[in-house]
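Given the structure of chain A, go ahead and fit chain B onto it with the hints provided.
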Amino acid sequence: MSEQVAAHAAAPSGGLAIDPMHQFHINTIYPIHIGGYDVSFTNSSLWMVLVALAITFLTVAGMGKRSLVPGRFQSVAELSYEFVSNMLRDNVGDAGKRFFPFVFTLFMFVLFCNMGGMLPYSFTVTSHIIVTFGLALFIFLGVTIIGFAVHGLHFFHFFVPKGVPAALLPLLVVIEVISYLTRPISLSVRLFANMMAGHTMLKVFAGFVIAMGWMGGFLPLAFMVAFTGLEILVAFLQAYVFAILTCIYLNDALHMH
Amino acid sequence: MASGNGDKFSGDPDAGNGSKSDLADFEARLRKTQKAHQQPVNNAARGTAMGIAFRLTTELVAGIIVGGGIGLLLDKWLGTGPLFLLIFFFLGMAAGILNVLKTAKQLSAQAELDAKSDNQGS
Chain A
1 MSEQVAAHAA
11 APSGGLAIDP
21 MHQFHINTIY
31 PIHIGGYDVS
41 FTNSSLWMVL
51 VALAITFLTV
61 AGMGKRSLVP
71 GRFQSVAELS
81 YEFVSNMLRD
91 NVGDAGKRFF
101 PFVFTLFMFV
111 LFCNMGGMLP
121 YSFTVTSHII
131 VTFGLALFIF
141 LGVTIIGFAV
151 HGLHFFHFFV
161 PKGVPAALLP
171 LLVVIEVISY
181 LTRPISLSVR
191 LFANMMAGHT
201 MLKVFAGFVI
211 AMGWMGGFLP
221 LAFMVAFTGL
231 EILVAFLQAY
241 VFAILTCIYL
251 NDALHMH
Chain B
258 MASGNGDKFS
268 GDPDAGNGSK
278 SDLADFEARL
288 RKTQKAHQQP
298 VNNAARGTAM
308 GIAFRLTTEL
318 VAGIIVGGGI
328 GLLLDKWLGT
338 GPLFLLIFFF
348 LGMAAGILNV
358 LKTAKQLSAQ
368 AELDAKSDNQ
378 GS
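Protein chains in written order, with the working numbering: chain A, 1 to 257; chain B, 258 to 379.
Next up, chain A with everything else stripped away, as it sits in the complex (with noise of 0.2 Å):
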């Protein structure tokens, strides 16, 4: 994006034509095809990799000494532990303390997605649709099964709601079931959404920052340093979001009303 923004700022005339999109173009670095199927590495996969290897040192290495009065690195590993922890223990309660793992690692890998994304030239897995919908229809599904294996076919009253006559009640089930598939597409476009128009509004004001040059691009520059704080904030708030309301919805399929 930035050797575009470059080669725009030398050719004066051509200001608008900077492309906010850029950033999220899937390149394939290493091509791989099975059975038809395109299974490249692409910049997509190796940001994911980077991830799992911050976050795999962030814990392994920062645990490493496991000395009493914890160091900086220590002391992130052990935050973000407790922070996760106690995030299951307020919503799902004792029951939830055998899914900490998951919801950990879920947490850790959109909050390094977003806050790599804040990194320049690099890439924001979680601002396509598909990776965001892939995590949460796995959520959702698990969160199914979990719901059928603890309470049986007992769950399908999770679709009945309580004190509703006879007659509505029909049209209320439809309804009940109908929100209840609402959940991997609300979780995956709220969290896909907020990273990509929030990337997207930063490139575009940053082809304002070079367009308007030396006279008015202060403006839009100043802008863009308070909106950078923003983004960061969204960045933890969306990983925030998405590992409670993955909490909540365990603790529906644990606990049911």
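Calculated directly from the structure, the hints in this document are not laboratory data.
Every residue gets a Cβ at the ideal spot worked out from N, C-alpha and C, and that includes glycine.
Heads up, a few of these hints could be off.
Derived contacts from chain A toward chain B, CB cut-off under 10 Å, selection only [what the hints assert, rightly or not]:
hint	residue
1	D38
2	I146
3	L172
4	L245
Using the frame of chain A, we list chain B on its own:
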């Protein structure tokens, strides 16, 4: 729920009945102390009106998408013109509104809880 999990997570498989109640007692006291010392770290994350607004909007839109999607699929499958699309579009809207109400209830309950714990803390 707590009784079922007691022995699973106590970490000591030989724990008898006496130590189990001790453990429960300890856990209760631990939670009380933790709550007393807890700082409102999550409030900033929970807040931001924009986040809440965005959450409610996606719920509403997702309902319509899912409803319309189900209607379209049923129509394609049964070949019944726009009949099911129309029906499920409105059902999807209803589901979206239901979701918004549920989320809003959840958020206000959370806000009440936060306000209560803030009052106790000060």
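Hints, one by one, checked against the model:
Violation of the interface hint for D38/A is found here, the shortest Cβ-Cβ separation to chain B being roughly 26 Å, above the 10 Å cut-off. The criterion of a C-beta within 10 Å of any C-beta in chain B is not met by I146/A, whose closest approach is roughly 15 Å, and the hint is violated. Restraint check, L172/A versus chain B: the minimum CB separation of about 9 Å is within 10 Å; hint holds. For L245/A, the interface hint holds, the least distance from its beta-carbon to any beta-carbon of chain B being 9 Å, beneath 10 Å.
Of the numbered hints given earlier, the model fails hints 1 and 2; all others are met.
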